[in-house]
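Taken in order, these protein sequences are the chains called A and B. Just so you know, my numbering puts 72 at position 72 of the first sequence, and the rest follows in order with no gaps. Just so you know, my numbering puts 822 at position 279 of the second sequence, and the rest follows in order with no gaps.
It is worth saying that the hints were derived from the structure and are not from the lab. If you're wondering where the values come from, they're calculated on a predicted model, not measured in any experiment. Ideal Cβ placement from N, Cα and C applies to all residues, glycine included. Treat each hint with caution, since some may be false.
One-sided and incomplete, this derived list gives chain B residues near chain A with beta-carbon spacing under 8 Å [what the hints assert, rightly or not]:
hint	residue
1	Ile588
2	Ala606
3	Gln607
4	Gly609
In silico DSBU-like pairs for lysine-lysine, Cα to Cα no more than 30 Å straight-line [claimed, not checked]:
hint	chain 1	residue 1	chain 2	residue 2
5	A	Lys516	B	Lys655
6	B	Lys881	B	Lys736
7	B	Lys795	A	Lys169
8	B	Lys833	B	Lys911
9	A	Lys516	B	Lys795
10	B	Lys839	B	Lys795
11	A	Lys182	B	Lys710
12	B	Lys911	B	Lys926
13	B	Lys727	B	Lys843
14	B	Lys926	B	Lys936
15	A	Lys516	B	Lys727
16	B	Lys795	B	Lys849
17	B	Lys795	B	Lys936
18	B	Lys614	B	Lys795
19	B	Lys575	B	Lys938
20	B	Lys614	B	Lys956
21	B	Lys851	B	Lys613
22	A	Lys182	B	Lys795
23	B	Lys575	B	Lys926
24	B	Lys839	A	Lys182
25	B	Lys849	B	Lys839
From chain A, some residues computed to sit far from chain B (all C-beta separations above 12 Å) [to be verified]:
hint	residue
26	Asp33
27	Glu135
28	Arg205
29	Phe304
30	Val433
31	Ala515
32	Phe526
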Amino acid sequence: MRCSAFFIRFLLGLVLVWMSGLWVPAASATGLDPALLAPLAGDDTDAKLEAITRLGTEASPQAAVVLDALANDRLYVTPGAQLLVETSSGAVDAITGEPVSAMPAQAETVSVNNRLRRAIAAALSAARLHAANPEQRLAAARGLQRGADAAVLPTLEKALADEQNAEVKAALAIAVAALHLKSDTASLRIQAAETLGSTGNAAFRPVLQAVLQQDAQGVYAEPNAEVRAAATTALHRIERHLSMLEWIGNLFYGVSLGSVLLLAALGLAITFGLMGVINMAHGELLMIGAYVTYAVQALFRSWFPQWLDAYVIAAMPVAFVVTALVGMALERTVIRWLYGRPLETLLATWGISLMLMQAVRTLFGAQNVEVSNPSWMSGGVTVLGGLVLSYNRIAIIIFAILVVAFVWALLNHTRLGLFVRAITQNRRMADCVGVPTGRVDMLAFGLGAGIAGLAGVALSQLGNVGPDLGRGYIVDSFMVVVLGGVGQLAGTVVAALGLGAVTKFLEPYSGAVMAKIVILVLIVLFVQKRPQGLFAPRGRSAD
Amino acid sequence: MKRRLVLKQLTAASVLAMAGWMPSVWAADTIKVGILHSLSGTMAISETSLKDVALMAIEEINAQGGVLGKKLEPVVVDPASNWPLFAEKARQLLTQDKVAAVFGCWTSVSRKSVLPVFKELNGLLFYPVQYEGEELEKNVFYTGAAPNQQAIPAVEYLMSEDGGGAKRFVLLGTDYVYPRTTNKILRAFLHSKGVKDEDIQEVYTPFGHSDYQTIVADIKRFSTGGRTAVVSTINGDSNVPFYKELGNAGLKATDVPVVAFSVGEEELRGVDTKPLVGHLAAWNYFESIKNPANAKFIEKWKAYAKAKNLPNANTVVTNDPMEATYIGIHMWKQAVEKAGTTDVDPVINAMAGQTFDAPDGFKIEMDKTNHHLHKPVYIGEIKADGQFNIVWKSKGPIRAQPWSPYIPGNEGKQNL
Numbered sequence: 001m002r003c004s005a006f007f008i009r010f011l012l013g014l015v016l017v018w019m020s021g022l023w024v025p026a027a028s029a030t031g032l033d034p035a036l037l038a039p040l041a042g043d044d045t046d047a048k049l050e051a052i053t054r055l056g057t058e059a060s061p062q063a064a065v066v067l068d069a070l071a072n073d074r075l076y077v078t079p080g081a082q083l084l085v086e087t088s089s090g091a092v093d094a095i096t097g098e099p100v101s102a103m104p105a106q107a108e109t110v111s112v113n114n115r116l117r118r119a120i121a122a123a124l125s126a127a128r129l130h131a132a133n134p135e136q137r138l139a140a141a142r143g144l145q146r147g148a149d150a151a152v153l154p155t156l157e158k159a160l161a162d163e164q165n166a167e168v169k170a171a172l173a174i175a176v177a178a179l180h181l182k183s184d185t186a187s188l189r190i191q192a193a194e195t196l197g198s199t200g201n202a203a204f205r206p207v208l209q210a211v212l213q214q215d216a217q218g219v220y221a222e223p224n225a226e227v228r229a230a231a232t233t234a235l236h237r238i239e240r241h242l243s244m245l246e247w248i249g250n251l252f253y254g255v256s257l258g259s260v261l262l263l264a265a266l267g268l269a270i271t272f273g274l275m276g277v278i279n280m281a282h283g284e285l286l287m288i289g290a291y292v293t294y295a296v297q298a299l300f301r302s303w304f305p306q307w308l309d310a311y312v313i314a315a316m317p318v319a320f321v322v323t324a325l326v327g328m329a330l331e332r333t334v335i336r337w338l339y340g341r342p343l344e345t346l347l348a349t350w351g352i353s354l355m356l357m358q359a360v361r362t363l364f365g366a367q368n369v370e371v372s373n374p375s376w377m378s379g380g381v382t383v384l385g386g387l388v389l390s391y392n393r394i395a396i397i398i399f400a401i402l403v404v405a406f407v408w409a410l411l412n413h414t415r416l417g418l419f420v421r422a423i424t425q426n427r428r429m430a431d432c433v434g435v436p437t438g439r440v441d442m443l444a445f446g447l448g449a450g451i452a453g454l455a456g457v458a459l460s461q462l463g464n465v466g467p468d469l470g471r472g473y474i475v476d477s478f479m480v481v482v483l484g485g486v487g488q489l490a491g492t493v494v495a496a497l498g499l500g501a502v503t504k505f506l507e508p509y510s511g512a513v514m515a516k517i518v519i520l521v522l523i524v525l526f527v528q529k530r531p532q533g534l535f536a537p538r539g540r541s542a543d
Numbered sequence: 544m545k546r547r548l549v550l551k552q553l554t555a556a557s558v559l560a561m562a563g564w565m566p567s568v569w570a571a572d573t574i575k576v577g578i579l580h581s582l583s584g585t586m587a588i589s590e591t592s593l594k595d596v597a598l599m600a601i602e603e604i605n606a607q608g609g610v611l612g613k614k615l616e617p618v619v620v621d622p623a624s625n626w627p628l629f630a631e632k633a634r635q636l637l638t639q640d641k642v643a644a645v646f647g648c649w650t651s652v653s654r655k656s657v658l659p660v661f662k663e664l665n666g667l668l669f670y671p672v673q674y675e676g677e678e679l680e681k682n683v684f685y686t687g688a689a690p691n692q693q694a695i696p697a698v699e700y701l702m703s704e705d706g707g708g709a710k711r712f713v714l715l716g717t718d719y720v721y722p723r724t725t726n727k728i729l730r731a732f733l734h735s736k737g738v739k740d741e742d743i744q745e746v747y748t749p750f751g752h753s754d755y756q757t758i759v760a761d762i763k764r765f766s767t768g769g770r771t772a773v774v775s776t777i778n779g780d781s782n783v784p785f786y787k788e789l790g791n792a793g794l795k796a797t798d799v800p801v802v803a804f805s806v807g808e809e810e811l812r813g814v815d816t817k818p819l820v821g822h823l824a825a826w827n828y829f830e831s832i833k834n835p836a837n838a839k840f841i842e843k844w845k846a847y848a849k850a851k852n853l854p855n856a857n858t859v860v861t862n863d864p865m866e867a868t869y870i871g872i873h874m875w876k877q878a879v880e881k882a883g884t885t886d887v888d889p890v891i892n893a894m895a896g897q898t899f900d901a902p903d904g905f906k907i908e909m910d911k912t913n914h915h916l917h918k919p920v921y922i923g924e925i926k927a928d929g930q931f932n933i934v935w936k937s938k939g940p941i942r943a944q945p946w947s948p949y950i951p952g953n954e955g956k957q958n959l
């Protein structure tokens with residue numbers, strides 16, 4: 001029943017579109033007119049565009065199927081110029097909708113470019129204004145808010161009158177308002193300007209500005225002063241909203257960059273901060289964590305494709321354990337012989353970092369490897385009408401909080417943490433009272449490395465995974481640890497978030513290159529003034 | 544006794560071979576050519592495949608009997624993405640190994656670094672990558688694109704109706720000589736098309752930049768002022784975080800198309816392509832071009848990768864600089880045969896007007912005077928499988944203009 005109601009509405013809408021005088025089709029009951037589809041198999045973009053526009057006004061549901069297939073690269077053309085749609089259950093003929101035996105091997109996808117994609121989206125939006133699913137209607141209404149053709153206005157007004165869902169109604173009202181701004185009735189124009197102003201959406205700035213435009217003689221494009229006043233108010237509202245969005249956006253970006261820096265630096269805060277090892281191979285531990293993520297993803301792809309979205313979760317413990325083992329092996333074989341000799345440690349770990357990079361290059365190739373975001377980490381949520389917070393950034397902020405909590409609990413509420421803190425404060429005394437310093441060193445280094453591995457999992461979700469991944473983070477990590485105060489976990493957290501926020505508030509004014517330089521200069525000045533960092537260790541700490 | 548002697552000899556021989564000295568024993572029968580590509584460091588990602596494709600071309604030429612009856616002998620060195628080391632290794636190739644020609648370099652910085660060496664020692668360099676122009680040297684043949692063979696047509700396409708009719712442009716690049724010069728040319732070109740300065744935004748990021756949140760938010764804001772397109776000269780690695788951020792921020796290719804000059808099939812191999820689909824790249828060659836020469840080229844490369852057991856051999860792809868390397872080596876071979884010698888000056892003269900049936904689908908020609916190839920231009924949209932769907936192509940090969948006519952003071956500088 002619902003379906004047939006939908007079709008009646010659909011037809012009504014289409015009739016309105018036809019009345020605008022575009023074209024009168026010979027809609028056949030069963031399928032599409034072969035002549036209508038023929039241009040899609042050709043190379044002429046203009047002809048294709050026309051065919052798409054005409055398909056958008058076609059009453060047959062098969063038209064929507066073809067448009068959808070075209071948009072998603074699922075429309076194929078055979079050497080014999082037959083058009084086929086690839087569906088989940090096999091190939092069907094695009095004209096009749098009848099299934100065909102199989103997709104011929106030589107069939108090629110019908111290529112579309114961005115201009116055609118836009119036309120397809122508009123055609124589909126107009127058709128979906130009456131879809132049964134409110135989400136589809138919402139998307140359709142949003143699709144028509146910007147730059148819609150005046151011809152769809154009657155359809156939109158009709159849809160607005162029929163619409164029950166409040167959210168869709170609001171979206172439709174905006175779409176209608178954008179078109180009403182060019183209406184002949186002054187009151188409608190005033191109302192439209194007010195509606196557009198209330199959205200706070202920057203996309204409507206150009207149309208509102210156009211209202212206020214003066215020509216060479218000083219004559220306004222808009223004759224009515226009241227409408228101009230309404231447009232000015234609307235523009236002010238939008239500007240205010242925008243500057244607020246910008247501020248909140250910068251804050252979010254700053255926290256997000258800070259959480260990345262924090263994750264990258266936290267492992268180092270343990271190895272360098274607490275143990276005093278200048279670990280130049282820290283970046284490579286991040287890289288190993290990222291490669292473990294890649295390996296886990298590959299494993300999931302071939303063994304548990306149905307659980308693929310969960311591979312990131314599975315990668316975390318694996319990355320932690322693998323990098324912790326690598327770290328412990330490093331500590332046992334190289335670093336423990338070099339305690340108290342920072343220069344040699346620096347050189348040795350630098351050498352190790354080169355070896356690790358080359359090892360990965362030999363194993364996985366010099367190319368970057370592909371780590372894709374799970375679907376729940378792609379895209380973002382729009383808040384306050386215009387600010388997009390991406391899911392992967394949000395996930396990483398949460399992840400950073402969890403990791404910090406984990407490290408904090410480990411250092412403050414476990415025996416190992418107690419030992420580590422004791423050794424940091426006074427190694428000899430700890431040794432005297434029976435703390436197994438050697439073992440604790442190994443475990444603490446393993447912990448630092450393991451956390452670097454966890455950070456690698458997070459980094460793999462943001463950027464490239466390649467042998468050089470660590471190089472980009474090593475300097476930043478040291479910066480955070482030194483700025484925060486060596487040996488201070490809280491300092492690391494504050495320094496990372498502070499650096500992130502300062503960078504992001506500087507960037508819009510100075511550009512990314514200059515922001516980086518300014519930050520470095522600031523840190524140099526700060527460390528000159530306060531060599532112990534933000535949070536100095538209190539009390540009588542030995543060495 | 545005897546066995547021990549054999550052992551000793553074997554060890555000595557293998558040590559020599561490892562040091563790269565072994566072939567000098569039969570050096571008289573071979574012609575040495577140098578391959579100067581970074582096999583480690585940041586540029587290894589892009590340059591390793593150029594080294595391999597050069598070796599493949601040399602193997603192919605040797606299988607057909609070599610050049611002037613002699614076999615070619617490749618001398619591979621690794622300048623390790625270190626620009627001064629490029630100059631050192633180039634000097635080594637020319638003075639110690641006495642190579643007849645060098646195929647190499649990727650970044651403009653590395654090319655600028657080796658130029659003085661080639662000029663001083665009168666060497667011969669084949670440079671296979673698209674670049675910013677504003678240079679023309681007697682000792683260099685440029686088999687990649689000049690700006691008018693890539694950047695300018697790409698922007699023209701963006702301004703056309705098919706490309707979306709862009710009115711505003713964000714010129715986004717990594718902060719070094721190639722993006723800066725290209726954007727200078729593009730800005731002058733856009734001015735000539737009536738685009739005003741307030742509709743052009745130039746943004747640079749450091750090498751290896753990975754946090755594009757602010758820049759993408761900026762692009763989004765900028766794009767509300769009218770149809771906007773992004774011209775990206777971002778270098779290799781940073782592209783992935785940029786496109787990811789773009790996808791997550793909900794900027795689709797239909798809203799704000801991005802055309803990239805440094806993103807090709809090879810760069811897309813290590814990338815999750817979902818957020819990139821529909822964005823554009825401009826090159827002179829794509830793997831997806833259909834013609835017999837290209838089919839043969841791809842087939843050869845795949846077979847070669849399998850035979851040599853290259854990393855990820857079953858997913859290898861071809862790209863524009865690889866094609867340019869391949870063309871360069873074959874054209875050099877033809878020129879040597881025409882000149883009858885490998886001496887640099889006669890070969891340079893013989894290079895003028897050489898033609899080659901290139902995988903890009905045309906019989907392309909080395910210009911008679913300006914050391915650049917006449918190349919066709921293709922614009923492709925990124926597909927989900929990491930290949931390109933060609934949406935625009937030039938009518939035929941275009942002559943290079945190394946000195947851009949849009950930069951004042953370049954008039955009358957077209958020839959050598």
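Hint by hint, here is what the structure shows:
1. Contact between B/Ile588 and chain A, as hinted, is supported at the beta carbon level, the nearest pair being about 6 Å apart and thus within 8 Å.
2. The criterion of a C-beta within 8 Å of any C-beta in chain A is not met by B/Ala606, whose closest approach is roughly 27 Å, and the hint is violated.
3. The restraint placing B/Gln607 at the interface with chain A is violated, with a minimum CB-CB distance near 30 Å, outside the 8 Å limit.
4. Hint status for B/Gly609: violated, given a least beta-carbon distance of 30 Å to chain A, over 8 Å.
5. A threshold of 30 Å between alpha carbons decides the hint, and for A/Lys516 with B/Lys655 the separation of about 26 Å falls inside it, so the pair holds.
6. As the CA atoms of B/Lys881 and B/Lys736 are separated by approximately 44 Å, the hinted pair breaks the 30 Å bound.
7. A threshold of 30 Å between alpha carbons decides the hint, and for B/Lys795 with A/Lys169 the separation of about 25 Å falls inside it, so the pair holds.
8. Between B/Lys833 and B/Lys911 the alpha-carbon distance is near 28 Å, which keeps this suggested pair within the 30 Å criterion.
9. For the proposed pair A/Lys516 and B/Lys795, the alpha carbon gap of about 29 Å is at most 30 Å, so the pair holds.
10. Proposed proximity of B/Lys839 and B/Lys795 is contradicted: the alpha carbons are some 36 Å apart, above 30 Å.
11. A distance of roughly 22 Å separates the Cα atoms of A/Lys182 and B/Lys710; the hinted pair therefore holds under the 30 Å criterion.
12. Taking the CA atoms of B/Lys911 and B/Lys926, the gap is about 37 Å. The hint is violated against a cut of 30 Å.
13. For a cut-off of 30 Å, the pair hint linking B/Lys727 to B/Lys843 is broken: about 39 Å separates their Cα positions.
14. Annotation: proposed proximity of B/Lys926 to B/Lys936 holds, straight-line Cα distance about 17 Å (limit 30 Å).
15. Only pairs whose Cα atoms come within 30 Å are accepted, and A/Lys516 paired with B/Lys727 is accepted, the gap being roughly 23 Å.
16. With a C-alpha separation of about 37 Å, the suggested pairing of B/Lys795 with B/Lys849 is violated against the 30 Å cut-off.
17. Between B/Lys795 and B/Lys936 the alpha-carbon distance is near 23 Å, which keeps this suggested pair within the 30 Å criterion.
18. The hinted pair formed by B/Lys614 and B/Lys795 fails the criterion: a straight-line CA distance of about 52 Å is larger than 30 Å.
19. This hinted pair does not check out: B/Lys575 and B/Lys938 have alpha carbons roughly 38 Å apart, beyond 30 Å.
20. Distance restraint check for B/Lys614 and B/Lys956: the Cα-Cα separation of roughly 39 Å exceeds the 30 Å cut-off, and the hinted pair is therefore not satisfied.
21. Restraint check for B/Lys851 and B/Lys613: satisfied, since their Cα atoms lie roughly 23 Å apart, inside the 30 Å limit.
22. Between A/Lys182 and B/Lys795 the CA atoms are separated by roughly 28 Å; this keeps the pair inside 30 Å, and the hint holds.
23. For the given pair, B/Lys575 sits about 41 Å from B/Lys926 by alpha-carbon distance, which is inconsistent with the 30 Å threshold.
24. For the given pair, B/Lys839 sits about 58 Å from A/Lys182 by alpha-carbon distance, which is inconsistent with the 30 Å threshold.
25. Between B/Lys849 and B/Lys839, the direct Cα distance comes to roughly 15 Å. Compliance with the 30 Å bound is thereby established for this hinted pair.
26. Consistency note on A/Asp33: stated as away from chain B, and its beta-carbon is indeed over 12 Å from all of that chain's, at 26 Å minimum.
27. Consistency note on A/Glu135: stated as away from chain B, and its beta-carbon is indeed over 12 Å from all of that chain's, at 16 Å minimum.
28. A/Arg205, annotated as away from the interface, has a beta carbon of chain B within 12 Å; the closest lies near 6 Å.
29. At the 12 Å boundary, the C-beta of A/Phe304 stays outside the reach of chain B, the nearest C-beta of that chain being 19 Å off.
30. Consistency note on A/Val433: stated as away from chain B, and its beta-carbon is indeed over 12 Å from all of that chain's, at 46 Å minimum.
31. The Cβ of A/Ala515 does not lie farther than 12 Å from every Cβ of chain B; its closest approach is about 9 Å, which violates its non-interface assignment.
32. Every CB of chain B lies more than 12 Å from the CB of A/Phe526, the least distance being 21 Å, so the non-interface label holds.
Checked against the numbered hints above, the structure violates hints 2, 3, 4, 6, 10, 12, 13, 16, 18, 19, 20, 23, 24, 28 and 31; every other hint is satisfied.
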